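Student: Residue numbers (the numbering used here), protein chains in the order written: chain A, 1 to 534; chain B, 1 to 116.
Among the hints, erroneous ones may be present.
[Unchecked claim] Pulled a few chain A residues facing chain B out of the computed Cβ check, cut under 8 Å: (1) Val70; (2) His214; (3) Arg276; (4) Met283; (5) Glu517; (6) Leu519; (7) Asn523.
The hints are simulated quantities; they were obtained by calculation from the structure and are not laboratory data.
Bear in mind that the values here come from a model prediction, so they are computed numbers and not experimental data.
Backbone N, C-alpha and C fix where the C-beta goes; we use that ideal spot for every residue, glycine too.
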Amino acid sequence: MSISLAVFLSFVAATLAITLWAARRSGGSTTYFAAGRNITAWQNGFAVAGDFMSAASFLGVVGLIALEGVDGFLYAVGGFMAFVTILLLVAEPLRNAGKYTFGDLVAFRFHSRPVRAMAVVSTLTVVTFYMIAQMVGAGALVRLLLADSGISFNTAVISVGILMMVYVIFGGMLATTWVQIVKAMLLMICTIALSILVLRHFHFRFSEFFRATHAISYHAKGEAVVKNFLHPGLRYSGRGGTFDLLSLGTIFIFGTAGAPHVLVRFYTVPDARTARKSVVWAMALIGSFFVMTSMLGFGAAALLGPDFILANGGTNMSGPLLARALGGSVFLAIVSAVAFATILAVVAGLTISASTSFAHDFWVNVIHRGAERRAGETVMVAKIAALAVGVAGIAIAIVLGPAANVGILATMGMAVAASAHFPAIVLSLYWRRFNTAGAISGLAGGLVACLGLMLVSPTFMGVDSPGAVGAARHILQVRPWFPLENPGILSVPLGFLCAILGTFLSREKSSEDKFNELLVRANTGLGAEKAAVH
Amino acid sequence: MTRPSRNVSCDAEPPDWNTFANSPAFKQLLHARRKFVIPVFLVYGAYYLLLHLSFGLAPRFMSTPVFGTLTLAYVFALSQFVSGGIVAILYLRFSTKIDERIGKLLLDRSRRKGGI
Chain A
1 MSISLAVFLS FVAATLAITL WAARRSGGST TYFAAGRNIT AWQNGFAVAG DFMSAASFLG
61 VVGLIALEGV DGFLYAVGGF MAFVTILLLV AEPLRNAGKY TFGDLVAFRF HSRPVRAMAV
121 VSTLTVVTFY MIAQMVGAGA LVRLLLADSG ISFNTAVISV GILMMVYVIF GGMLATTWVQ
181 IVKAMLLMIC TIALSILVLR HFHFRFSEFF RATHAISYHA KGEAVVKNFL HPGLRYSGRG
241 GTFDLLSLGT IFIFGTAGAP HVLVRFYTVP DARTARKSVV WAMALIGSFF VMTSMLGFGA
301 AALLGPDFIL ANGGTNMSGP LLARALGGSV FLAIVSAVAF ATILAVVAGL TISASTSFAH
361 DFWVNVIHRG AERRAGETVM VAKIAALAVG VAGIAIAIVL GPAANVGILA TMGMAVAASA
421 HFPAIVLSLY WRRFNTAGAI SGLAGGLVAC LGLMLVSPTF MGVDSPGAVG AARHILQVRP
481 WFPLENPGIL SVPLGFLCAI LGTFLSREKS SEDKFNELLV RANTGLGAEK AAVH
Chain B
1 MTRPSRNVSC DAEPPDWNTF ANSPAFKQLL HARRKFVIPV FLVYGAYYLL LHLSFGLAPR
61 FMSTPVFGTL TLAYVFALSQ FVSGGIVAIL YLRFSTKIDE RIGKLLLDRS RRKGGI
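One chain only, chain A, in its complex shape:
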């Protein structure tokens, strides 16, 4: 048995023990959906960081910096800055005024049913994109890293899917939170160790380290080039590059603040103060993590070089390859296992947010108008939904196969969250005039604008040479109608515009009473959901 398999299996054993412990704590909906609201600030900080530091950030960002220098580092900056938005605008009002989902906040002032139904549709869309990205990533990782263990793409995808269903169905939010905490700790330890190894190679002298990133020679489009990786412009250049950069920046600062799997975390703490402190914990963790990813990325560029990385598994493998070069096969095995554990924890977090939204927003509030017919019904529906989400995730990942572009899928999820969820959340909190029609058209308009622009962007549209086959071939063989890869710069304003137009075009008067109630609740915590008492 390979070392990475052994490390990974011990992670699985530990997380199953957590699940068993969590499953024994019987309790109602609050326990299942919100871990009894008894998670502390540091614990939730680690869990939020765990939810956010997916395989895309660990493998993806290191790879982007290793191949595109400081341009790739902008992904890391965006990931960190997203939490300032959450800290200042979203976390506390969400905790104060909601119960289980971000739909609670958006539907608070309005005719709840249609708004919630729309919130469920967009939540499921966002989660689906993230989920497929993670599942495909897991399969690809296994294929590259555990090749010697004889595990295939499909086996990897199915086992990740089954494990995540076990965590979510039997352990609920409590187990998912602790799986996330353990994984965040492992990932931090791993990143710190790898950064120290990089610096040791340069005798712990930063000047020596950064001098090495000054002239990196590799091949670009068949030509030998020498580039300074601390200079911008390797990824984005020209006028189109500027718009792409702004677009990317936009979806980062607004998308995470609308990401359902991050937002559900703030319901697991006792009150808004703890929610606030937990965001600061998460910022400290994510910030130091991302600063270290620049060490790893530049380290991989200097020590291995882009040519070597591309020839040995591609962008996403920069981190693991660096681990092998500096720490040998044992360290490679550990890093791979931790990367795999990361994926597992993130899919569990995604699954519980999707099933919570379905059970709480759709089943109870849309279908049954807010009343649970039998005790425990919501939890049962959520468990069935989790099963369905898991099976669907496995099936889609297997159909798409390992060639699907993981980075694009994850960015699409974030773009939808930024364009549909963020305008609805902000306007319902801060705009007195906002009404039901506005909330629905904001959510729907943002979603449609985002998906539509994606479809006509160079991601899907392009004219390929006859030689391009498989994943390299564009789905629609026409020249792209929208020039940017990322729709954020247009779709986020469109989301706001739809929300505002919808409000003004409908005759409905917004309920003054409801807005006053939300204002008081969101700002004082009066009447907020309390933690379960043991």
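Given chain A, put chain B in place with the hints provided.
Tutor: Then chain B, alone, in the frame of chain A:
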């Protein structure tokens, strides 16, 4: 049409939200919070977008070395982590004061009602 709110959980008697929302003390609280949050958010957002703009529009300027071999681009990007940290610290300090005011507000309210 006033539906009973589904979210009211623990308070035995739901407060009169309109009276509360229109009370001067609450309005001052809201004003203080917005006076802090909105400018801070706008400044931080502008600083963040400036990073992206400078990468796109002035790549040569951003290639200037500032500390030894470190370029302006990398230092500017790193400074975003510092600025985010400063915002977090300022906000935590500000919120402690706001928390005290909220506590006082709620206490006054329950005293007036003669409850708790």
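Student: Each hint: holds or not?
Tutor: Tested hints:
| no. | hint | result |
| --- | --- | --- |
| 1 | Val70 | holds, 5 Å |
| 2 | His214 | holds, 6 Å |
| 3 | Arg276 | holds, 6 Å |
| 4 | Met283 | holds, 6 Å |
| 5 | Glu517 | holds, 4 Å |
| 6 | Leu519 | holds, 5 Å |
| 7 | Asn523 | holds, 6 Å |
In this structure, every one of the numbered hints holds.
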